[in-house]
Amino acid sequence: MTDQFAVRMVDITKSFGSILANNKVYLELRKGEILSLLGENGSGKTTLMNMLSGIYFPDDGQIYVNGREVTIASPHDAYRLGIGMVHQHFKLVDVLTAAENIALGLPGGAVVDRKAIGRKVRDICDRYGFVVDPDKKIYDMSVSEKQTLEIVKTLYRGAEILILDEPTAVLTPQETEKLFAVMRNMRNDGKSIIIITHKLNEVLEISDRVTVLRKGEYIGDMDTAKADARALTDMMVGRTVTLNIQRDEPVDPQRRLEIRNLTVKDKEGVTRLDDISLDVYAGEILGVAGISGCGQKELLEAVAGLQPTQSGSSVKYRPTGPEGPAEELIGQNPRTIAEKGIRLAFVPEDRLGMGLVANMTLVGNMMLKEYRSGKGPLVERRHPHELAEQVVRELEVVTPSIDTPVRKLSGGNVQKVLVGREIAMGPTVLMSAYAVRGLDINTSYTIYKLLNEQKKAGVAVIYVGEDLDVLLQLCDRIAVLCGGRLNAILDGRTATKEQVGYLMTNMKDMSGEEAGA
Amino acid sequence: MNNHEPLIHIARRSSIAWWKAWLIRLASAVLALLVCALFIYGLTNLNPVKVYAAMWEGAFGTSRRMWITMRDTAILLCIGVGLAPAFMMRFWNVGAEGQVLMGGCATAAVMIYLGRSLPTPALIALSCVVSVVAGALWGIVPAVFKARWNTNETLFTLMMNYIAIQLTCFLVAKWESPPGSNSVGIINQRTQAGWLPSLMGKQYLINVILVLAITALMYFYLKYTKQGYEISVVGESENTARYAGISVRRVIVRTMALSGAVCGLSGFIAVAGSSHTISASTAGGRGFTAIIVAWMAKFNTFVMILIALLLVFLEKGAVQIASQFGLNDYASNAVEGIILFFLLGSEFFIQYSVRFRSHGHRKEAEEE
Amino acid sequence: MTQIISLLTSAIVFGTVILYGAVGEIFTEKSGNLNLGVPGIMYLGGIAGLATAFFYEMYAAEPVGWIGLLLSFIAAFAASALAGLIYAFLTISLRANQNVTGLTLTIFGAGVANLFGGSLNAMAGGVGQISVATTSRAYRAYIPALSGLGHVGQLLFSFGFMAYLAVAVALFASWFFNRSRVGLNLRAVGEDPATADAAGINVTRYKYLATCLGAGVSGLGGLYYVMDYIKGTWSTDGTIEALGWLAVALVIFATWKPARAIWSAYLFGVLYWAYNYITGLSRASIELFKMLPYVVTILVLVAVSLRRSREAQPPKSLGLSYFREER
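Protein chains in written order, with the working numbering: chain A, 94 to 610; chain B, 92 to 459; chain C, 15 to 341.
Everything labelled a hint here was simulated from the structure, so no lab data went into it.
Please note: incorrect hints may appear among the correct ones.
What the hints assert, rightly or not - Cut-off 20 Å, straight-line C-alpha distance, at most; resulting in silico cross-link-like pairs (EDC-like, lysine to aspartate or glutamate): (1) Lys-230(A) with Glu-325(C); (2) Lys-271(C) with Asp-187(A); (3) Lys-317(B) with Glu-463(A); (4) Lys-330(C) with Asp-187(A); (5) Lys-314(B) with Asp-496(A); (6) Lys-124(A) with Glu-162(A); (7) Lys-292(A) with Asp-327(A); (8) Lys-308(A) with Glu-479(A); (9) Lys-229(A) with Glu-325(C); (10) Lys-314(B) with Glu-463(A); (11) Lys-360(A) with Glu-325(C); (12) Lys-360(A) with Asp-187(A); (13) Lys-317(B) with Asp-187(A); (14) Lys-317(B) with Glu-479(A); (15) Lys-271(A) with Asp-219(A); (16) Lys-360(A) with Glu-329(B); (17) Lys-389(B) with Asp-496(A).
As the structure is a computational prediction, the values presented were derived from the model and not from experiment.
Using the sequences plus the hints, can you model the full thing?
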């Protein structure tokens, strides 16, 4: 048994304060296999792997590498044992070059030999099919280039055991395919690989075996060949959940937002949103699909008055339908929009960094959008207090009290607080970005239910999502963004997953060699 | 459990009872006094208990000494209170020294140029206004650059101090009296024009009342007003502030104007209510010391009273032992430094719990 | 011509003091620690050197210049590094706020140094004005033959060894940050400690070492000031503090590049002394002149933030403490 396993982790326990992140977790990685570590966000996957790579130290339990019990007190120890981890947030120093980043922390002579590093990097690239420019500065690199560099970095250090933390989250389908090809090359070369993911299709496609965690506990493992999506979902969530999301026919949809020629450039002058024209109707849910970073954020922020736009852009708000009066939203900011009486709710992607103030209490956060109301220079506290109690009660927020800083709540409860506040303002337009990212299944369904209720109440709902299944089952129409441009608007009831996926990655009017794929 | 766990295990506390926090602070202050005692003993072979008694004498021994302690505490407190809104906004205003000096210069200018033409109440009102404007201006300049171009405010405000100091030196050379003395001397010594008046026979009572009023007002402003709420949102997350429709730039500039204004007002109190002269040492490093006061009080202006009093007590006490035992005044800075080191270090034990490997579990049990 | 040479010479002497301070601070800041205790550290370096030389000259039967030099040099470096250690312990191990800790160190250093500086005389039994003539002469020794070579000789060879050492240290630092392995690791620590940590770099050790050694180098500025600039005496006029802040300014002006700090330091010297060579200035306007180094530093600071050049920015994690298990 000593030779068969590259890694065995036995009874690993780790807690952060009062939160038990891992409870007696078991994991085995055989030599020369790709193991999926599957679990919902917050199930303790990353924590477990951070202990294998020396970022955290376990409170209890044993780790065996190649059959020997080891202590991994630092990333340095992990490297010595041939363990390398590619983190979700890349661990690269922006102002250094690729070669310098590779050299970081390595033993060697007093002077860094850039040439020798460059040579060895090219060797690794040739062997597995990577492309890396050793002299390129990190701040000039794309996300995919950075990820490639991260993998090359671990291989450079002689890693035999690779851990990839949700590597596909930031990649296009094509880039994902390339990554999987490289992973297979590495496995065939004898490397052992753990891939952390919560996407079932990836588990089934790439891995040999799968280990499932749920709420910090080890649930079980099985050969992928014997697994199917249903069984894995059951292991992941613990019980069968109805995959059906309710979707009613929109009642009397009236045009509420007219987005015309919306163009956004970022600080560096790169076009992020290119001439988007789009209508949003009251009483429907408009889905927005696209690979992350294709203009979703800019679209919502431009409507919300948070994003400077190029001239010619226009977003008309029509509270009473297409014939009624219109209000131009471009050129306004959240404050002037609110002052005009437009109730625009926005659940941003970055909940604690944008939608909420992490260190403030629930009550303090309830005040965020209404603190200006009321005359005089003083803030009014009674209403936010009642609102906080109401949100906690109605959305079943788990919190010690309404005077607890939201940073101490779990991800799902944080989102409930945010969505609860936005809905409480009685919006006419509700925009949400990745509203269920990182949430457990139950909370996700709560969110879907809330969105449907808003739709029923005649609110124009925009739902930016990443999970195509959810988009296809929840939304009435789906706008597909590709590289900052609007590629198509599909009917949510008739569109197929393949269709959306294809439109996300291929511009329609650029019919080239890829169109036949 | 294996034996290779790191010797010391550190974890952030989720919360701590307020009395425990103060107990830790008190313990560290006592420890600091012990170290200072060793320091003093090593230096002078004097009985530290006697030395501390002498310090108490120096700060509170006579009514006059007590009032001087109060006077200096008031100014230090006022500067600390001025820094509170900036720090709450996470804006590192280390430019209080300069803002105080500018306020002081403005006051001195009014007293010198208009001392004969205006009655004292008008002079006081005018210098009050002018010093507030001067201090605010000194705060606004770095704020505008921070707001517009994200220029590092710590370094900017630091440099502004020295511009203010040189400007003060320039004015002192211009106003010097008698000529050649390189000092301004007591302004309007005979007429006392523009001086803050005595209240109930106490020369500095009005300073203390003024500063306590500012302290209370600032507490109220930060905690209960819309602008105070905006400051804390901006301090926590600028993105959230933008999301909530708060104009981050305006809040930064407005808050720094306020911060500079209160510091400028401290300069006014220092000149019109205390020294009645102006020099590059009018602020006397208090602009820096106040940073420590404001930081350690965690933006709570009432806690600042306590810390300011402690620091001034140390200073006065050390001056006393210096003259009594033949050391020089700088002993106070050395002692102050040691005590501050301990108080700064103690915050760690309030924020984090530390347990050692061998008896880890027992220790942790105690903490709950 | 003579005037220009004399201006440049005094500018170099002046610049050397702040060059030490700045290069030391660059070491510290490259590790992510913003140590505002530079003035205090320079004070401590100055007084430690002076006191050591003083007691050596008092107790040695026949004081030898170079022994006094060696002893005081070591003492100055050690005392400053110790001050850096206090700062490092508080900010790294105890995670105290860097700005506040640095300012406290400045108060402490100024206090201790002036306390001893003012009392040395009394403690030694009232020997009158303290002076360490022998040691100071050793510090100020230069090669007469070379410095006699006209203006060029005077400009290049008329300084004590520490002026050249400062340039050497700055050049070494420049090589160290750009070419050496340890320097690269150190930069990673200051830019992004989590990344450095994940790469197996011992962040805590690097921060400690950089902060202590950086403080040691900064302290040499105080030593040079005491031994060379004011020729082995002590004065409690607060000049060292002003020079210390100027050293902090110089770090910004040089955009965290040690090689740039060399000529920048001399430029600061020129700006500072220029008033001496402009006729018809009143004493008041001289004070305005002394403002110049700070004004140009602000201009550089603003220019850097305007240009947003990726290479001219402060280390990204400057001023933040690092705690691995934070979440």
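Violated hints - listed by number, lowest first | Numbers 8 and 13 - these are the hints that the structure violates, sorted from lowest upward.
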